[in-house]
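Given next are the chains, with one letter for each unit.
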Amino acid sequence: MTTATDTISAGHHEAESHGGSYLDRKGVLSWIFTLDHKRIGLMYLGAVSLFFLIAGLLAVAVRYELMTAAPDLVDGNTYNKLFTLHGAIMVFLVIIPSIPASLGNFVLPLMLGAKDVAFPRLNLLSLWIYFFGASFMVYSILDKGLDTGWTFYTPYSTSTSTAVISATTGAFILGFSSILTGLNFIVTIHKMRAPGVTWTRLPLFLWAIYSTSVIQVLATPVLAITLLLLIIERTLGIGIFDPAMGGDPVLFQHFFWFYSHPAVYIMILPGFGVISELVTVHSRKHIFGYKAIALSSLAIAIISFLVWGHHMFVSGQSELASAIFSFLTFAVAVPTAIKVFSWVATLYKGSIHYNTPMCYALVFLFLFTIGGLTGIFLGTLSTDVHLHDTYFVVAHFHYVMMGGTLIAFVGGLFHWWPKMTGKMYSEFAGKLSALLVFIGFNLTFFPQFIMGSQGMPRRYHEYLPQYQTYHLWSSIGSFVLAAGLFIAGGALFFSLFGSRKAEKNPWGGISLEWETTTPPHEHNFHGQPAVNCGPYDFPEIDHTQEKAHA
Amino acid sequence: MSTSSHAPAAHGHDAHGHGEHPKFLAHHFYTPEQQLTSAKLGMWLFLAQEILFFGGVFMAYIALRFFYPGTFLAAHEHLNKLAGAANTIILLTSSLTMALAVRAAQVGNKKSLINNLIWTILFACAFMVIKYFEYSAKFEHGYLPGKYYHGHGIEGAPHVFFGLYFTMTGLHGLHVLIGIGVLAWVLIRASKDEFGPQFYAPVENVGLYWHLVDLIWIFLFPLLYLVR
Chain Z
0 MTTATDTISA
10 GHHEAESHGG
20 SYLDRKGVLS
30 WIFTLDHKRI
40 GLMYLGAVSL
50 FFLIAGLLAV
60 AVRYELMTAA
70 PDLVDGNTYN
80 KLFTLHGAIM
90 VFLVIIPSIP
100 ASLGNFVLPL
110 MLGAKDVAFP
120 RLNLLSLWIY
130 FFGASFMVYS
140 ILDKGLDTGW
150 TFYTPYSTST
160 STAVISATTG
170 AFILGFSSIL
180 TGLNFIVTIH
190 KMRAPGVTWT
200 RLPLFLWAIY
210 STSVIQVLAT
220 PVLAITLLLL
230 IIERTLGIGI
240 FDPAMGGDPV
250 LFQHFFWFYS
260 HPAVYIMILP
270 GFGVISELVT
280 VHSRKHIFGY
290 KAIALSSLAI
300 AIISFLVWGH
310 HMFVSGQSEL
320 ASAIFSFLTF
330 AVAVPTAIKV
340 FSWVATLYKG
350 SIHYNTPMCY
360 ALVFLFLFTI
370 GGLTGIFLGT
380 LSTDVHLHDT
390 YFVVAHFHYV
400 MMGGTLIAFV
410 GGLFHWWPKM
420 TGKMYSEFAG
430 KLSALLVFIG
440 FNLTFFPQFI
450 MGSQGMPRRY
460 HEYLPQYQTY
470 HLWSSIGSFV
480 LAAGLFIAGG
490 ALFFSLFGSR
500 KAEKNPWGGI
510 SLEWETTTPP
520 HEHNFHGQPA
530 VNCGPYDFPE
540 IDHTQEKAHA
Chain X
0 MSTSSHAPAA
10 HGHDAHGHGE
20 HPKFLAHHFY
30 TPEQQLTSAK
40 LGMWLFLAQE
50 ILFFGGVFMA
60 YIALRFFYPG
70 TFLAAHEHLN
80 KLAGAANTII
90 LLTSSLTMAL
100 AVRAAQVGNK
110 KSLINNLIWT
120 ILFACAFMVI
130 KYFEYSAKFE
140 HGYLPGKYYH
150 GHGIEGAPHV
160 FFGLYFTMTG
170 LHGLHVLIGI
180 GVLAWVLIRA
190 SKDEFGPQFY
200 APVENVGLYW
210 HLVDLIWIFL
220 FPLLYLVR
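Chains as they are written, first to last, in numbering that gives the first Met the number 0: chain Z, 0 to 549; chain X, 0 to 227.
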């Protein structure tokens, strides 16, 4: 690969001669009390991976139960607890922090050419809050069980005897972590950019993180007050949400989705950002429609606040409101499609390298497109009334959350892994994992679209025999998917003990994180870096740039 | 970015060379101005999330008042308007002393800074004392929130009104208590002579927070005490 490193290596031999990496300091305390965004990112990564493993195994258990129409592995109550634990861990502990808190923490200051985030101590605090909230939540769910689903709908959540109060307290605490991380990132992007890193030279990953952070700061407090009011309702019975006490359960749904719909963009926008990086770097081509992609992230962030009612089409809200929410929901498709078309146009005539990250990016494009398009079915009022609470919904949100966000997360991990650890993984294992994940994922969730459209309701542990075949295929797919993810995890994990050292810039990226040593120095850069062209002006393609620099 | 290089002028700021770094300037900032504007932007974002947080209870207020207009009208007569008005005046005055404290920090007047911070803390405590007497009076009459309500003489769903009253004023009171805590923290730092025209971001940020706490009360007072 002839890469941009050629043109910059001259300025960097002195930096490399300094040696040293952020991983040099040893000892547990050097991790617990670190203010280094890179170490904090790695600790988030460790925690997120652990919870991903746990919640993934829970999902496999759920699928195992569903292989036959009769309840054989677990009884109904246990089944409710299993999927609640799966959903709650995946949403609150895995997907929301996955890309921003781990990859974002690591890469964001590097991309900006900054020494750290704006508030390093706040960053460490949000990590601790995350650990505390996560342990609190998991412990309370395991101790007393929780069977409300991750949505905590009233009046069931105000009357069930399971651990609603402690689990929501855990989610409440986690919210602080999310808010503080978002706040930190916004300020960092505004104030910590190196000379020459203008807004239009920000890597698109950062535009996505920025938009995500805006939602985190503005939507999460609404969830916090909602959960707090739910706790107060359960303890004091003040009559806000529980109809038996004079409250309104639909009000709870409004409150909950006012956060939780924007929250799905907290989950997916960072994935968009990762894909924007992977697609352009691994096809050696300038991103198509930089400004359109950047601004569409912001557009999604804004529209996300106006569409929560589409979760409530059958809740009894007014038909006019439902119709308006339905049309507003369609509006989300516009900026989203702008992104997908721009990525495809970036690939067009690009010099595509089928590296593992690129394979995952292609998997993402395929899966997310299906997930996004089926979202239109559900946003359409008339079809949603039919599809509501069926497996169609389950399949849809797995295609966007898992097929979108988590696939982008894994792809991004393969992309930045060499920079984070200084080690190269086995490309063969990486690509094999991408293939298995692709096959397994579609096998798991595509049959769910079909059975959902035929009326299979979600959240049941036994079902009519007519759905048996689909469930069987789906369960087999989930095993393949799990195998693929284990191979991906293994490829990364064992690379740590392997001897293959990563180059400074294995993919030939030209955004700033590739300019520093591998693994980066404790303070990221020696001296302050400066920048005088965009993050995707690859020299071997953009000849005007090359001449300008020569 | 392919030609990024080390700007020669920036070499002096190398992470290892803290030579020209003032003590108050964190290592990852290059100038005091960058640190100050970062801190202020962070605080404004924090205030934005606070507003969204309180927005939830205000929204609940709107919905419930819409359900129970008669109850709200009848129940609010049992709140002590005089105490509410006194607390409004106290908080507004504390905002003035807070603003004066920020000004004093900016111009480096340590004595005025400390005096004004002490006054602000005293006003905040006075607010909580009055709140305490108000709460005690409610408890005596059985005007407790939700299912603990056992008062008499109010038609409709007074438990909802008092549930909301205690939730809203309780959350606000909690913010006042936190405010007293951070004001005390700033006061201690001020007495150690840490602030001056070069570095006053903590004072200003605590001031911003305090004004928001004041502002929320300005909305709570008419919504709860002056229902018509």
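Don't read these hints as lab results, they were simulated from the structure. Even for Gly, the Cβ is constructed at its ideal location relative to N, Cα and C. Take the hints with a grain of salt, since some may be wrong.
As the list claims (entries may be wrong) - Derived DSS-like pairs: lysine-lysine, alpha-carbon spacing no greater than 30 Å straight-line:
hint, chain 1, residue 1, chain 2, residue 2
1, X, Lys39, Z, Lys290
2, X, Lys39, Z, Lys143
3, X, Lys137, X, Lys80
4, Z, Lys25, X, Lys191
5, X, Lys146, X, Lys130
6, X, Lys109, X, Lys22
7, Z, Lys430, Z, Lys500
8, X, Lys137, X, Lys22
9, Z, Lys80, Z, Lys25
What the hints assert, rightly or not - Computed spacing ranges between beta-carbons, pair by pair:
hint, chain 1, residue 1, chain 2, residue 2, range
10, X, Ile217, Z, Ala330, 56 to 64 Å
11, Z, Leu471, X, Lys146, 19 to 27 Å
12, Z, Pro242, X, Lys110, 53 to 61 Å
As the list claims (entries may be wrong) - A short, non-exhaustive set of chain Z residues, derived as facing chain X with CB atoms under 10 Å:
hint, residue
13, Leu121
14, Ile185
15, Leu222
16, Ile239
17, Gly246
18, Asp247
19, Ala336
20, Val339
21, Ser341
22, Val343
23, Ala344
24, Leu346
Within 56 to 64 Å or not, the Cβ separation of X:Ile217 and Z:Ala330? For Z:Ala330 against X:Ile217, whose Cβ atoms are near 36 Å apart, the range 56 to 64 Å is violated.
With the threshold set at 30 Å, check whether the alpha-carbon distance from X:Lys146 to X:Lys130 stays at or below it. 22 Å, holds
Does Z:Ala344 pass the interface hint, meaning its C-beta sits closer than 10 Å to a C-beta of chain X? Violated - the Cβ of Z:Ala344 stays beyond 10 Å from chain X, reaching only about 22 Å at its closest.
Against chain X, is Z:Ile185 within 10 Å by beta-carbon distance? Where the cut-off is 10 Å and the nearest Cβ of chain X is about 6 Å from Z:Ile185, the hint holds.
Are Z:Val343 and chain X close enough, Cβ to Cβ, to be under 10 Å, as the hint says? 25 Å, violated
Holds or violated: the hint that Z:Val339 contacts chain X, with Cβ atoms closer than 10 Å. 26 Å, violated
Supplied contact hint for Z:Ile239, tested at 10 Å Cβ to chain X: 5 Å, holds
Do the alpha carbons of X:Lys137 and X:Lys22 lie within 30 Å of each other, as the hint requires? 51 Å, violated
Indicate whether the distance between the beta carbons of Z:Leu471 and X:Lys146 respects the range 19 to 27 Å. 49 Å, violated
Take the shortest C-beta to C-beta distance between Z:Gly246 and chain X; is it under 10 Å? 7 Å, holds
Given the hinted pair X:Lys39 and Z:Lys290, is their Cα-Cα distance within 30 Å? OK: X:Lys39 and Z:Lys290 at ~28 Å, within 30 Å.
Interface hint for Z:Ala336, Cβ within 10 Å of any Cβ on chain X: 29 Å, violated
In summary, the structure is inconsistent with hints 2, 4, 8, 9, 10, 11, 19, 20, 21, 22, 23, 24 from the numbered list given earlier, while agreeing with the others.
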